[in-house]
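Take the sequences, apply the hints, and build the full model.
Sequence lines, in order, name chains A and B. Counting from 1, position 90 in the first sequence corresponds to residue 90 in my numbering; the numbering is continuous, with no gaps. Counting from 1, position 74 in the second sequence corresponds to residue 74 in my numbering; the numbering is continuous, with no gaps.
Heads up, a few of these hints could be off.
Restricting the straight-line Cα-Cα distance to at most 30 Å, the calculated cross-link-like pairs of lysine-lysine (DSS-like) are [to be verified]:
1. B:Lys55 with A:Lys76
2. A:Lys83 with B:Lys111
3. B:Lys83 with A:Lys7
4. A:Lys7 with B:Lys55
5. A:Lys109 with B:Lys52
6. B:Lys7 with A:Lys52
7. A:Lys26 with A:Lys83
8. A:Lys109 with A:Lys55
9. A:Lys83 with B:Lys7
10. A:Lys7 with A:Lys26
Covered stretches of chain B, going by a simulated chain A footprint (3 or more residues, C-beta under 8 Å) [as the list claims (entries may be wrong)]:
11. 49-60
12. 63-73
13. 77-90
It should be emphasised that the hints constitute simulated quantities derived from the structure, not laboratory data. Note that beta-carbon positions come from the ideal geometry of N, C-alpha and C, so glycine has one too.
Number of protein chains: 2
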Amino acid sequence: MNELKNKTCEPCSDGLDPMPSGEINKLLELIPEWEVTTEDGISRLQRTFSFKDFKSAITFTNLVGELAEVEQHHPKLVTEWGKVTVIWWTHSVNGLHMNDFTMAGKTSKLKAD
Amino acid sequence: MNELKNKTCEPCSDGLDPMPSGEINKLLELIPEWEVTTEDGISRLQRTFSFKDFKSAITFTNLVGELAEVEQHHPKLVTEWGKVTVIWWTHSVNGLHMNDFTMAGKTSKLKAD
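Written out as structure tokens, the structure reads:
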């Protein structure tokens with residue numbers, strides 16, 4: 001995961017193709033806690049983080065939100081009592097880009113810190 | 001909506017029945033921006049609020065989170081770039097309770113303020 005968490009996001013232009021599945025599977029080995037989900041036909045990286053209560057979940061939501069603002073790459077964050085589900089994908093490629101794996105690695109590091 | 005936004009949540013005990021649909025429809029008239037959705041067979045109150053960017057969405061997520069902590073009744077909050085979807089239901093009745101309508105009214109007021 002160290003390879004991912006120290007990267008920064010690169011600018012994405014429209015019209016790029018999403019990452020091929022072979023490359024996705026290879027990168028997933030670096031972040032085994034994450035899974036690929038599909039919603040509206042778009043592949044996404046998803047992980048649910050557990051917390052002791054609602055307040056701790058909101059605190060984590062804010063940490064991920066700050067990271068998103070720094071990198072200018074924004075996830076979907078589902079905050080509930082005791083858990084936060086973080087979902088990364090890249091709008092401009094309608095799927096997964098290297099940036100999403102970078103952000104997943106950085107998100108996991110936020111929980112580990 | 002004034003009837004709802006000034007109420008406070010009452011304690012819920014397990015084993016209560018969810019609200020009958022006739023009562024739900026009557027209360028929905030007080031908060032017409034909200035809709036009843038069903039997930040995992042459980043009725044919920046849902047509304048999506050729009051914002052100009054991700055930061056404003058996170059700020060609203062925090063406002064709803066603070067309200068939830070005050071009332072000790074906690075929603076599911078889906079935060080994305082430019083929008084927050086707020087979903088209220090009551091675990092102990094496996095459906096909707098008067099408290100959810102109260103919280104929906106209070107949530108709408110947070111956006112209106």
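Do the hints match the structure? See the list:
1. Proximity of B:Lys55 to A:Lys76 is assessed by CA-CA distance (about 13 Å); at most 30 Å being required, the pair is judged to hold.
2. Simply put, A:Lys83 and B:Lys111 have alpha-carbon atoms about 24 Å apart, close enough for the 30 Å limit, and the pair holds.
3. Using a Cα cut-off of 30 Å, the hinted pair B:Lys83 and A:Lys7 holds, with the two alpha carbons roughly 28 Å apart.
4. A distance of roughly 23 Å separates the Cα atoms of A:Lys7 and B:Lys55; the hinted pair therefore holds under the 30 Å criterion.
5. At roughly 29 Å between alpha-carbon atoms, A:Lys109 and B:Lys52 fall within 30 Å of each other, so this suggested pair holds.
6. Straight-line distance between C-alpha atoms of B:Lys7 and A:Lys52 comes to about 28 Å, which keeps the hinted pair within the 30 Å bound.
7. The straight-line distance between the Cα atoms of A:Lys26 and A:Lys83 is roughly 27 Å, inside the 30 Å bound, and the hint therefore holds.
8. Taking the CA atoms of A:Lys109 and A:Lys55, the gap is near 20 Å; set against the 30 Å cutoff, the hint holds.
9. A threshold of 30 Å between alpha carbons decides the hint, and for A:Lys83 with B:Lys7 the separation of about 28 Å falls inside it, so the pair holds.
10. Restraint check: the Cα-Cα separation between A:Lys7 and A:Lys26 comes to about 17 Å, which is no more than 30 Å; the hinted pair holds.
11. Coverage of the stretch 49-60 of chain B by chain A holds. Counting CB-CB distances below 8 Å, 3 residues qualify, and the rule asks for three or more.
12. Only residues whose C-beta sits within less than 8 Å of a C-beta in chain A count toward coverage, and the stretch 63-73 of chain B has 3 of them, enough to reach three; the restraint holds.
13. Coverage of the stretch 77-90 of chain B by chain A holds in this model, with 5 residues showing a Cβ closer than 8 Å to a Cβ of that chain against a need of three.
When the structure is compared with the earlier hints, no violation turns up for any of them.
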